[in-house]
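If you read the protein sequences in the order shown, they are chains A and B.
Position 223 (the first sequence) corresponds to 239 in this note's numbering; numbering is contiguous.
Position 270 (the second sequence) corresponds to 286 in this note's numbering; numbering is contiguous.
Watch out, some of these pointers could steer you wrong.
Note: identical chains are not told apart, hence a pair may lie in one copy or across any two.
[To be verified] BS3-like cross-link-like pairs, simulated, lysine-lysine; straight-line CA separation at most 25 Å: (1) Lys-197 / Lys-258; (2) Lys-200 / Lys-158; (3) Lys-380 / Lys-50; (4) Lys-311 / Lys-173; (5) Lys-415 / Lys-173; (6) Lys-415 / Lys-311.
Note that these hints are calculated values from the structure, not bench results.
Protein chains: 2
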Amino acid sequence: MEEIISSITIKSESKIVLLVMDGVGGLPQEPGGKTELESAYTPHLDRLAQRGICGLTDPLAPGITPGSGPAHLALFGYDPFNYYIGRGVLEALGIGMELTPIDIAARANYATVDEQGIIVDRRAGRISTERNIELCNLLQQKISRIEDINIIIKPGKEHRFVVVFRGEGLGGGVTETDPQKEGKKPLQAKAVDTDSEKTAAIVNRFIEIAGEILKDSKPANMILMRGISQSPNIPPMQQIYKLNPAAIATYPMYKGLARLVGMKILPIKGETIEDEFIALEEHFSDYDFFFVHIKKTDSSGEDGSFEKKIKAIEEVDRLIPRIEKLNPDVFVVTGDHSTPCLLKSHSWHPNPLLLYSRTCLPDKVNSFGERECNQGGLGRIRAMELMPLILAHAQKIIKFGA
Amino acid sequence: MEEIISSITIKSESKIVLLVMDGVGGLPQEPGGKTELESAYTPHLDRLAQRGICGLTDPLAPGITPGSGPAHLALFGYDPFNYYIGRGVLEALGIGMELTPIDIAARANYATVDEQGIIVDRRAGRISTERNIELCNLLQQKISRIEDINIIIKPGKEHRFVVVFRGEGLGGGVTETDPQKEGKKPLQAKAVDTDSEKTAAIVNRFIEIAGEILKDSKPANMILMRGISQSPNIPPMQQIYKLNPAAIATYPMYKGLARLVGMKILPIKGETIEDEFIALEEHFSDYDFFFVHIKKTDSSGEDGSFEKKIKAIEEVDRLIPRIEKLNPDVFVVTGDHSTPCLLKSHSWHPNPLLLYSRTCLPDKVNSFGERECNQGGLGRIRAMELMPLILAHAQKIIKFGA
Chain A
17 MEEIISSITI
27 KSESKIVLLV
37 MDGVGGLPQE
47 PGGKTELESA
57 YTPHLDRLAQ
67 RGICGLTDPL
77 APGITPGSGP
87 AHLALFGYDP
97 FNYYIGRGVL
107 EALGIGMELT
117 PIDIAARANY
127 ATVDEQGIIV
137 DRRAGRISTE
147 RNIELCNLLQ
157 QKISRIEDIN
167 IIIKPGKEHR
177 FVVVFRGEGL
187 GGGVTETDPQ
197 KEGKKPLQAK
207 AVDTDSEKTA
217 AIVNRFIEIA
227 GEILKDSKPA
237 NMILMRGISQ
247 SPNIPPMQQI
257 YKLNPAAIAT
267 YPMYKGLARL
277 VGMKILPIKG
287 ETIEDEFIAL
297 EEHFSDYDFF
307 FVHIKKTDSS
317 GEDGSFEKKI
327 KAIEEVDRLI
337 PRIEKLNPDV
347 FVVTGDHSTP
357 CLLKSHSWHP
367 NPLLLYSRTC
377 LPDKVNSFGE
387 RECNQGGLGR
397 IRAMELMPLI
407 LAHAQKIIKF
417 GA
Chain B
17 MEEIISSITI
27 KSESKIVLLV
37 MDGVGGLPQE
47 PGGKTELESA
57 YTPHLDRLAQ
67 RGICGLTDPL
77 APGITPGSGP
87 AHLALFGYDP
97 FNYYIGRGVL
107 EALGIGMELT
117 PIDIAARANY
127 ATVDEQGIIV
137 DRRAGRISTE
147 RNIELCNLLQ
157 QKISRIEDIN
167 IIIKPGKEHR
177 FVVVFRGEGL
187 GGGVTETDPQ
197 KEGKKPLQAK
207 AVDTDSEKTA
217 AIVNRFIEIA
227 GEILKDSKPA
237 NMILMRGISQ
247 SPNIPPMQQI
257 YKLNPAAIAT
267 YPMYKGLARL
277 VGMKILPIKG
287 ETIEDEFIAL
297 EEHFSDYDFF
307 FVHIKKTDSS
317 GEDGSFEKKI
327 KAIEEVDRLI
337 PRIEKLNPDV
347 FVVTGDHSTP
357 CLLKSHSWHP
367 NPLLLYSRTC
377 LPDKVNSFGE
387 RECNQGGLGR
397 IRAMELMPLI
407 LAHAQKIIKF
417 GA
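Based on the provided sequences and hints, a complete structural model is requested.
This is how it looks when you write it as structure tokens:
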């Protein structure tokens, strides 16, 4: 499908705004009640729903709850079952590291081992972030390169950090060294395919040297590695869609995901939703595709705070006219997955979807909500089917076949 | 997809009831009329439809009418285009034979041949079932083994019986020996691949010996074999879904299909629908997934009896509160395919679908019927997409990807 889309996309002047309210879909708290979105006062989104066309998207497939990685890949039109984003890669993106396609990224933990090398604490007593930074600096100073591979170390929070192995000939198929329980020795990293033998050797050598450097730093006298994975080689949106895309997001992970598909990350002055809208206004003439990511809808859902989620949705709604004023050719509002306060987690429930453009055929949907969208003219599609639809309404897709 | 699902399913305490009203979907007898399901008085199913979420499933794909085998495989979440259930295997399951993954099963017919070995009656004058049993006993007594292959013979009705070849090294790619018309000699079974050469040799040897044994039993002095096929090697539900599944069905074929995917077949005291519900109640604490199969809705449809089909549906409806009382975490009511009385046969029309659980978002559907379900929140999905959805609502699936 990607190849087909790529063969019929064209460059044009039209502009697209894809506003993703992370985890916006929800559930009633009580049987018979309304969802967060249905409860929110959203006159602007409702007006757009009346003038536009609505529907639902399954993030991946019915019943499958996605992580943020696959959910966003799907929204960007990439088959999330084809491009796997490993834990190490996501963690690296999450702390703002920039990855290249040859990189291998791993989540690492400081841990405590006894004299026999047996793990007595997999989290090194959750050392402070400050101590973590000190130790990462020490490791980085002493290990910047193994053979022809560059090593990049970046601290996260508490005992967590990320190691990136950068160089030619590294495959991503390597097992983890964390035995997942205490009372055991760390495992050796093993290659699961011949392409990854060099990776396994470098990882093991790295851990050996690190163990040597840390030997007097108890409780953080060993490291464990998990989610060792390769940055997926994703053809950029420039190539597939002929777009000049930009991303507006406050959280590093979403910036990282956007960067993976070729988006330029726009600077934002602050951390508020309004700051994101200001960034959109300032850069609106420079790009033709804008991914605007709102985190608050998801984080309030994860907290289980129905009221906070409603407020986040209403905050976005109040700012909607600012986007309308920019007059994008296609304006889409949706989620990447649902995060019902009832479940306090991502869920499999479909995302409400609203598309507004001059070429849409308005349906009978009256307001922007899960159940209203269920009656919408776009029906129920998979999230990865959305991008071609957006491009079509932006007149950026030509006829397939004669 | 199966691998993906298998990688994200987890064991949990929650319980699922999948009530399959075989062939429940239908059509109006007269233009402007109601379907069987729409005509039936179903207050309990209607109440569930109001509190739950509804939709439609295409058994396989739009326009494709399924046999019972693929229809049930799809309901159980297996791609029916990947797993082929041959006629011989289905026939064996249908008369209650238990198959192992190494078995080859064939439908066999008694036939009449003349002195030259030319077939003069492909059905041996439809000999009585009693005579069939006698002859099958005779054959079984005299041929229990050829080389290292065990032979298991079981009579069906009239001139029909089933032969199972059990042993190592048998492939399922063997042509049939029935030339499909009279005036010809029986064909030799031929292997269509190298894996099936041993099967062809054993089948031909079996027919040769059987012909010898039957030579004085005119009109049943020869046998013909069709649908020679291997039991499909389906990964069981225990493995893919981590379920402990049980089936409640009165007809052998459905028990056989359930057994193919690893379900335990529960004993039922009688033959009525209520007996099936009693079995569910008695075993409810022992399993976490229950497939309850209702045959009457289909058989009355095949008979073309609109009134009888309505009665069957109403009989099920009256018993619905017994399932509600058990309080399963997910309760699903649907069909495997439609059987409109108008057509007196299976059809391609989508199945009405009702799902009730604490985590469903109730839609505006007011009653359980084909056209009401068409407005439902689950939209129109393929039957094989249903299992992941059920497992999600039962909280038996974890997030895909990070």
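Report task. Indicate which option fits the pair Lys-415, Lys-173 if close means a Cα-Cα distance not exceeding 25 Å: within, between, both or neither. Result -> between (50 Å within a copy, 23 Å between copies)
Requested in this report: Pop the pair Lys-200 and Lys-158 into one bin, within, between, both or neither, using alpha-carbon distances up to 25 Å.
Outcome: Classified as neither: same-chain Cα gap 27 Å, cross-chain 61 Å, threshold 25 Å.
Query raised in the report: Can you tell me if Lys-380 and Lys-50 fall within 25 Å by alpha carbon in one copy, between copies, both or neither?
Result: both (20 Å within a copy, 13 Å between copies)
**Report entry** Within, between, both or neither, where Lys-311 and Lys-173 count as close if Cα-Cα is 25 Å or less
**Finding:** within (20 Å within a copy, 59 Å between copies)
Query raised in the report: Is it within, between, both or neither when you check Lys-197 against Lys-258 at 25 Å Cα-Cα?
Result: Between copies, since 23 Å is at most 25 Å while 48 Å is not.
Query raised in the report: What label fits Lys-415 with Lys-311 when the C-alpha limit is 25 Å: within, between, both, or neither?
Result: between (37 Å within a copy, 19 Å between copies)
Checked against the numbered hints given earlier, the structure breaks only hint 2 and satisfies all the rest.
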